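> Following the hints, put chain B in place on chain A, whose structure we already have.
Chains A and B supply the protein sequences, listed in that same order.
Note that this note's numbering gives residue 327 to position 327 of the first sequence, counting from 1, and the numbers run on in steps of one.
Note that this note's numbering gives residue 63 to position 63 of the second sequence, counting from 1, and the numbers run on in steps of one.
Derived from the structure by calculation, the hints contain no laboratory data.
Hints should not be assumed to be uniformly reliable.
[Said to hold, decoys possible] Cross-link-like lysine to aspartate or glutamate pairs, in silico, EDC-like; alpha carbons within 20 Å at most:
hint: 1; chain 1: B; residue 1: 104; chain 2: A; residue 2: 341
hint: 2; chain 1: B; residue 1: 82; chain 2: A; residue 2: 221
hint: 3; chain 1: A; residue 1: 208; chain 2: A; residue 2: 260
hint: 4; chain 1: A; residue 1: 196; chain 2: B; residue 2: 36
[As the list claims (entries may be wrong)] Covered stretches of chain B, as calculated for chain A (at least 3 residues, CB under 8 Å):
hint: 5; region: 18-32
hint: 6; region: 67-80
hint: 7; region: 93-103
Quantities reported herein were computed from a predicted structural model and do not represent experimental measurements.
For glycine and all other residues, C-beta sits at the position ideal for the given N, C-alpha and C.
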Amino acid sequence: MGLAQFVCTGCSCLCDDIKIDIEENRIVRIENACIKGTSFLYAGDNFERRAPFLVSGCNVPLEEAIEKAAHLLREAGRPLIFGLDNCTLEAQAMGIALAQALGAVSDDVSSFSHGALVQGILDGDIPTCSFPELKNADLLIYWGCNPYHSHPRHLSKFSYYSHEKWVEAGWVPEVAISCVEVRDTETTSLCNRVFKVEPGGDGDFIGKILAAVGGREDSKESKAFVELTRNSAFGVIFVGLGLIYALDNDLSLFTEMLSELNRWTRFAVIPMIGHFNTLGFNRSLYEKTGYINKVSFAAGISHGDEFSFLEQTRNRVPDCVLIAGSDPFSSQPRSLMRNLEGVPIICLDPFVTSTTMAAEVVFGTAISGLETDGKAVRMDGTVVSLLRGRTPEIPSDEEILSQLLDRIS
Amino acid sequence: MNNPGGPLGQEMPIVIVTYRDVFQWVAKQKGISSSDYQDRSTIVRMSSSDMKVLGIVDDAPVRLRTSLGEVVVRAKSDPGCKQGFGFMPASPYSNKLASYDPVKGRLPNFKRIEVVVAPTDEKVDSSQTG
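In isolation and in its complexed conformation, chain A is listed as follows (with noise of 0.2 Å):
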């Protein structure tokens, strides 16, 4: 098969101008993707990280794997469906919808990363734009993020480099470039001007900045921050996890600058989300109850944060988790996640992980993308069509979940 153009699923990026050469059912060639994207894909040929078909840790065909998912969804008084965020549109829907026949609680990695973010955007308290918009901004703002390590094509295909205009003698691109952080980094490396903050105090300096925007303060890098915004006409803020961490997931201040900002300038964020689908999880469970995530459907439609899959876990609520296209065994801290131990879990995912090894039920699927179709929402809203670069003999995330959807219904 010659050089197929696809879509890679590496993180939230899903930079469409990949190519793969497969020859044989292997990956033998891959052109334009980063070295995160490339490492994932070619993940996918080693047979030892895909995972199988498990129960209690023991081989078995899937319509064995099925049965037990099921039986143990069924028994299940308080049932947590968890993740999807690697996972396409069609698979997410699926899950949601099994969360609401199971009454189950639906959470997923926003509710711990960029939900209040993703939230005040869906709400239109928080203003965005698209990825082609970048092309007519004339400052970038990286704040608390590395997208050299987090997005490793986001400043060349997207924002910094992929700008249309260049300073006259073809140097650099004509739009100035700015980060927040707390450590030097390469992205600090490259910025014309650096805001460098304690780790934690974001807050301080979004206060500082809003005291300088009335005159009541005046310190130099409050100011210059504050000078930096007015000499623009169009700003972006790409937005990390290192801000929503540091501001302890209230960003009732962030947006209080934004809207100081925006009277001035026109200014709009993109959350540097990693799960490639995180943000189309977010739409879909918006679109059906009203919220991103940290839903109950016990009783009807309810929503808080005792609902989030860190809470529940805390306060050892579920008595039975299925985790789709997440890895928390990994991500998550220890202290917690030994609180699931002795709860059956059921985890779908390509890949074997610290995750599929905690569960009771394993369901090794087919990469989003790679191997199969279907659509996802990049970081900055568009959503993106998928096109399978091969078939593998191995159910989609998707068919596994209509599967159990069918059992308990």
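Same frame as chain A, but now just chain B:
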């Protein structure tokens, strides 16, 4: 329990901030038990002045301790790191130290893990994330 003060008795409190490392992420695609992933995960970047106080050099093993757990990693001098802070790639090692705040943000404290760091003779061991 091992001597928390290390061979010379020094220990000090620092605040750990976790970060993303794409090369560590790439290594993880080969499996979490791969030596490359283990090597890239078991480090803490510290200020040279803090390392001097502890009497350690680059790559020296240090024990990081919180009320929730302990890990042994290698210290790396980072000129950009301020005194009193340390930077670790997000990993099962940092997750063994991290806690969850159910009050303020209902978030894990990945960006503010308060640890006590001390020199140690122990070796970095991948089984310590259990």
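> None of the hints should be skipped; say for each whether it holds.
Hints versus structure:
1. Annotation: proposed proximity of residue 104 of chain B to residue 341 of chain A is violated, straight-line Cα distance about 26 Å (limit 20 Å).
2. Pair hint residue 82 of chain B plus residue 221 of chain A holds up; C-alpha atoms about 18 Å apart against a cutoff of 20 Å.
3. Restraint check: the Cα-Cα separation between residue 208 of chain A and residue 260 of chain A comes to about 13 Å, which is no more than 20 Å; the hinted pair holds.
4. Taken as a hint, the residue 196 of chain A and residue 36 of chain B pair is broken in the structure, with Cα atoms around 31 Å apart against an allowance of 20 Å.
5. Counting residues of the region 18-32 of chain B whose CB lies closer than 8 Å to any CB of chain A gives 11, which reaches the minimum of 3, so the coverage claim holds.
6. Coverage of the region 67-80 of chain B by chain A holds. Counting CB-CB distances below 8 Å, 5 residues qualify, and the rule asks for three or more.
7. Counting residues of the region 93-103 of chain B whose CB lies closer than 8 Å to any CB of chain A gives 7, which reaches the minimum of 3, so the coverage claim holds.
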